[in-house]
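*Asks:* This is what each chain is made of:
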Amino acid sequence: MKGLSRIVESIASLVFIPILVFGLYIMVHGHLTPGGGFQGGAIVGSAIAMIFVAYGTIEANKHFKLTSLLSIMAGAAVVYLLLKEVFSPYIKDVMIGTPFMGRIPEGINIGHIASGTIFLPLNVLVGLIVLSGFGIVVVLFNQLGGNDQ
Amino acid sequence: MIEFIQKLPLIAILLPLIAGLATILIGKYSEKIRNIWVSSILGITLLVIVAILFEVIRNGLITYTLGAPQTTPEAWDVPVRIILEVDAMGAFIALGIGLTTFLASLYSWRFFDEDRLGMNTYYALLMITAAGGAGFAYTGDLFNLFVFLEITSISAAGLVAFWSKKGTPYEASFKFLVISAVSAMMFLMGVGFIYGQYNALNIGMVAERMMETGFGTLDQLALGLFVASLAMKAGAVPMHMWIPDAYGETPAPISMVMVTISQLSLYGLFRVSFSLYGFNLDGVALGWIIVILGLLTMFIGVMMAIIQKTIKRLMAYHAISQTGYMLLGVGVGLVALMSGDAGSIPIYGQQAMEGGIFHILNHAIYKGLLFLTAGAVIYKTNVRSLDDLGSLAREMPFTTVAFVVGAAAIAGLPPFNGFASKIIIYQSAYILNPFLTAVAMLVSVLTLASFVKVFQSVFLGPKKEEIEGIGEVPPSMKAAMFGLASLTILFGLFPDLVVETIVVPAAEALIDQQGYIGGIL
Amino acid sequence: MRKKVGLLVLFMFFSFMLFGATTGMSFGEPEYDDMDGYILENAQEETASNNVVTSVLLEYRSLDTLGEATVLITAILSVVVVLRRFAQ
Amino acid sequence: MILNLPFIAVAVLLLIGFYGLLFKDNLIKITMSVVIIEGAVNLFLVSLGYVEGAVPPVYTMAPFEEPMAFAVPQALVITAIVIGIAVTTLMLALSVRIYQTYGTLDTKEVRRLRG
Chain A
1 MKGLSRIVES
11 IASLVFIPIL
21 VFGLYIMVHG
31 HLTPGGGFQG
41 GAIVGSAIAM
51 IFVAYGTIEA
61 NKHFKLTSLL
71 SIMAGAAVVY
81 LLLKEVFSPY
91 IKDVMIGTPF
101 MGRIPEGINI
111 GHIASGTIFL
121 PLNVLVGLIV
131 LSGFGIVVVL
141 FNQLGGNDQ
Chain B
1001 MIEFIQKLPL
1011 IAILLPLIAG
1021 LATILIGKYS
1031 EKIRNIWVSS
1041 ILGITLLVIV
1051 AILFEVIRNG
1061 LITYTLGAPQ
1071 TTPEAWDVPV
1081 RIILEVDAMG
1091 AFIALGIGLT
1101 TFLASLYSWR
1111 FFDEDRLGMN
1121 TYYALLMITA
1131 AGGAGFAYTG
1141 DLFNLFVFLE
1151 ITSISAAGLV
1161 AFWSKKGTPY
1171 EASFKFLVIS
1181 AVSAMMFLMG
1191 VGFIYGQYNA
1201 LNIGMVAERM
1211 METGFGTLDQ
1221 LALGLFVASL
1231 AMKAGAVPMH
1241 MWIPDAYGET
1251 PAPISMVMVT
1261 ISQLSLYGLF
1271 RVSFSLYGFN
1281 LDGVALGWII
1291 VILGLLTMFI
1301 GVMMAIIQKT
1311 IKRLMAYHAI
1321 SQTGYMLLGV
1331 GVGLVALMSG
1341 DAGSIPIYGQ
1351 QAMEGGIFHI
1361 LNHAIYKGLL
1371 FLTAGAVIYK
1381 TNVRSLDDLG
1391 SLAREMPFTT
1401 VAFVVGAAAI
1411 AGLPPFNGFA
1421 SKIIIYQSAY
1431 ILNPFLTAVA
1441 MLVSVLTLAS
1451 FVKVFQSVFL
1461 GPKKEEIEGI
1471 GEVPPSMKAA
1481 MFGLASLTIL
1491 FGLFPDLVVE
1501 TIVVPAAEAL
1511 IDQQGYIGGI
1521 L
Chain C
2001 MRKKVGLLVL
2011 FMFFSFMLFG
2021 ATTGMSFGEP
2031 EYDDMDGYIL
2041 ENAQEETASN
2051 NVVTSVLLEY
2061 RSLDTLGEAT
2071 VLITAILSVV
2081 VVLRRFAQ
Chain D
3001 MILNLPFIAV
3011 AVLLLIGFYG
3021 LLFKDNLIKI
3031 TMSVVIIEGA
3041 VNLFLVSLGY
3051 VEGAVPPVYT
3061 MAPFEEPMAF
3071 AVPQALVITA
3081 IVIGIAVTTL
3091 MLALSVRIYQ
3101 TYGTLDTKEV
3111 RRLRG
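Chains as they are written, first to last, in the working numbering: chain A, 1 to 149; chain B, 1001 to 1521; chain C, 2001 to 2088; chain D, 3001 to 3115.
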């Protein structure tokens, strides 16, 4: 698609960073507040779609290439699998119960970021998978039509 | 060592998954390395599946709880986590998907020679299908069954749409995807009804609770949803329209894998009706429904197959009619099982069950062989319709022999495996009602007739100049066909050896619901 | 002809669903709650995370999340396969 | 409480979804009706876990004496929603390609052109 007017481009570049930070916040706080990998990844994915709408296909393709997004997705998935299925029995048993991310006060509490054993990295990895998945779909669907091809 | 064996089902699921994702990364470097990587991983997965099968046959159920040593947490009698429960039936079905995906990867080395585009993604999808199939066969959790059902459906839809020369693969993939999505959603509705009532997702736990509280109206509704959705996915008659497109339009190795994917949902149907509902449903009615469904599937499948013009659509309709045999076998078993009192299972009921289950594996083998030979013919001549093919026997001797072996097996001729399982179904169905065997035999004769026609028009006939010196298919495709042909002959010559070791425990495991529940609680 | 059969099947299906919805479970009063009760009590202690849904997703039913990430990756790969012709 | 209203809503959504699926011929409309069916099933799954007057099952600053809703159905729904997105994306990609090769989105036309 062709990019929109100059105003929309500048606003898009201004707003992109806050959306990115908000998406990462949702991902990282997955084990404290409602949210997690999937929701955070979807938010950042929508930010990528916004960039494509604002800047048009050619401009945006410079930043988001198909091959790099595919390898991010595959890499994040492989690391998630290794961390969750192969290493987690050892890491989690060591961390659970110890002050290092493993113990929180029972019942209702304020929520300490350093808790939830390996949930924090897992949520971020799942977020990466969803994020690069959205990016790939947006990149592919953007190449279909459009007059400035 | 014991603890490692318990983990084998999880390894059989995760190995192809991790390797499939790594293929996307590895694929960029060199084709040769990637091909060898894919086939060796799928070969190892097949070995793990065979090891699990013999482990389960030797000392009973394997139950593996993800993330905890034993199935239910301490001082709590309800399973909370997901439990992989592998009984002889699940391990038996995983054999089919493991074998076909391995041979498909071998066959595809040289099958896609013209456009080498996107082969990384193709192999990644193939390995994810293998992982999804193994997961579907091993999991003991209802929602997990839905997730793995969905994985196999979407990866199969992606593979169907892979051969993008003309428009037809997209339409076939779209129809397949709509059918799979709707049937998976109906399955999920059934799971919702079960979860809403019993607050338990584990098949053994739900069966236990259902026995306590009796078979309510909502359970019948859930059973209806399960049977409808899984029969739709398995390609039984009322909803079989997607199969000719899905099998006919795809590349040959994928049609072979698709046959085993449909058999997986047939296994899901048996798992739900035997292990989940088992004795607290009045099995005679359900048994007769499955028998009638089987008869219809058989008859309509073969009737449509005779009038087909292209090789692969003809074989697709034959695949539908062969599914009818499996439904007939297990349906007769269910009727016999439920009519006698719970204790004594009449002999012919047990035999019918064994015949149906044995036919599932046999069908996977010889139907795969037939699809591979059809693929070899299309690979060499790039022609699909029967009329303008001819006299390939001189050019492609190996493929001709493989085709003859496959055709004889599907028609149920004695020395091959098709005959071994069909004869068991004939005997046991005859005792229940001679009409069933009459229809089954008629369908077998019609199958033989249509395959003789195919053989004559494709391999014999006058010499055609444009297929002069096209030569044989590359060795990797020959290896895949040789593997299946030797299995067809092997199972045909020693049927009772195979039946005693693999099929009888599978049939017993399917019937004995208490054992399945015992594994959990 | 197809329309009439379709409408009949649709109406039967709808009445089944309505029957299941109204007479079966009552919304808000589950009969059993032992599996969820256990998870709600022990999630904090076993997984040290406040959000019980995340601990169910990543710990108690981690195979579901694994399967779901695979579904997402399979769909993305299939879309790449289908729309590949345009990528070049 | 409100006499199973969510379950009735699920039944109505299923009716609409299946009506669109059986009688509409446009590919995009078929995709939309599959999305409606998925939405209905997800709504059904979520409403299973509700307990009278319950609070979301997150322990961070939750009100004290309220009971907590069940966590398992909410986790199941997250999975079912993502599977729904995956199926919808693939169906839309396929209908785009079908439109390009056949020039029409009407299934009757597509079947006729394919011959």
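In short, the hints are calculated from the structure, not lab data.
Even for Gly, the Cβ is constructed at its ideal location relative to N, Cα and C.
Treat the hints loosely; a few may be bogus.
Partial pick of chain D residues on the chain C-facing surface, computed with a CB cut under 8 Å [stated by the list, open to error]: (1) Gly3020; (2) Val3035; (3) Ile3036; (4) Tyr3050; (5) Val3051; (6) Val3055; (7) Phe3064; (8) Val3072; (9) Ala3086; (10) Leu3090; (11) Arg3097; (12) Tyr3099; (13) Gly3103; (14) Thr3104; (15) Leu3105.
The calculated lysine-lysine pairs, modelled on DSS-like cross-linking and capped at a C-alpha distance of 30 Å, are [stated by the list, open to error]: (16) D/Lys3029 x C/Lys2004; (17) B/Lys1309 x B/Lys1380; (18) A/Lys65 x B/Lys1032; (19) B/Lys1028 x A/Lys65; (20) D/Lys3108 x D/Lys3029.
*Asks:* Next, verify each hint and record whether it holds.
*Replies:* Hints, verified against the model:
Evaluation of the D/Gly3020 hint against chain C yields a violated restraint, the C-beta minimum of about 11 Å exceeding 8 Å. Hint status for D/Val3035 relative to chain C: violated, with the closest Cβ pair at about 14 Å, above 8 Å. About 14 Å separates the beta-carbon of D/Ile3036 from the nearest beta-carbon of chain C, more than 8 Å, and the hint is not met. A distance limit of 8 Å between C-beta atoms decides the matter here; for D/Tyr3050 the minimum to chain C is near 5 Å, and the interface restraint holds.
Taking 8 Å as the C-beta contact cut-off toward chain C, the hint placing D/Val3051 at the interface holds, the least distance being around 6 Å. Hint on D/Val3055 is violated. Least Cβ distance to chain C is approximately 11 Å, over the 8 Å limit. Proximity of D/Phe3064 to chain C is violated relative to the hint, the smallest CB-CB distance being about 15 Å (cut-off 8 Å). A hinted interface residue such as D/Val3072 counts as satisfied when its beta carbon comes closer than 8 Å to some beta carbon of chain C; here the least separation is about 6 Å, so the hint holds.
Residue-level restraint check for D/Ala3086 holds (minimum Cβ-Cβ distance to chain C is 3 Å; threshold 8 Å). At its closest, the beta carbon of D/Leu3090 sits 5 Å from a beta carbon of chain C; the interface hint therefore holds under the 8 Å criterion. Below 8 Å, beta-carbon pairs count as interface contacts, and D/Arg3097 has one with chain C at about 6 Å; its hint therefore holds. Given the 8 Å rule on beta carbons, the hint for D/Tyr3099 is violated: about 12 Å separates it from the nearest Cβ of chain C.
About 16 Å separates the beta-carbon of D/Gly3103 from the nearest beta-carbon of chain C, more than 8 Å, and the hint is not met. A least Cβ separation of about 18 Å between D/Thr3104 and chain C goes past the 8 Å threshold, and the interface hint is therefore violated. Because the beta carbon of D/Leu3105 sits about 16 Å from the nearest beta carbon in chain C, more than 8 Å, this interface hint is broken. Restraint check: the Cα-Cα separation between D/Lys3029 and C/Lys2004 comes to about 20 Å, which is no more than 30 Å; the hinted pair holds.
Of the supplied pair hints, the one linking B/Lys1309 and B/Lys1380 holds, its CA atoms being roughly 19 Å apart against a limit of 30 Å. With a C-alpha separation of about 26 Å, the suggested pair A/Lys65 and B/Lys1032 falls inside the 30 Å cut-off, and the hint holds. Only pairs whose Cα atoms come within 30 Å are accepted, and B/Lys1028 paired with A/Lys65 is accepted, the gap being roughly 15 Å. Of the pairs offered as hints, the one joining D/Lys3108 and D/Lys3029 holds, with about 14 Å between alpha carbons and a cut-off of 30 Å not exceeded.
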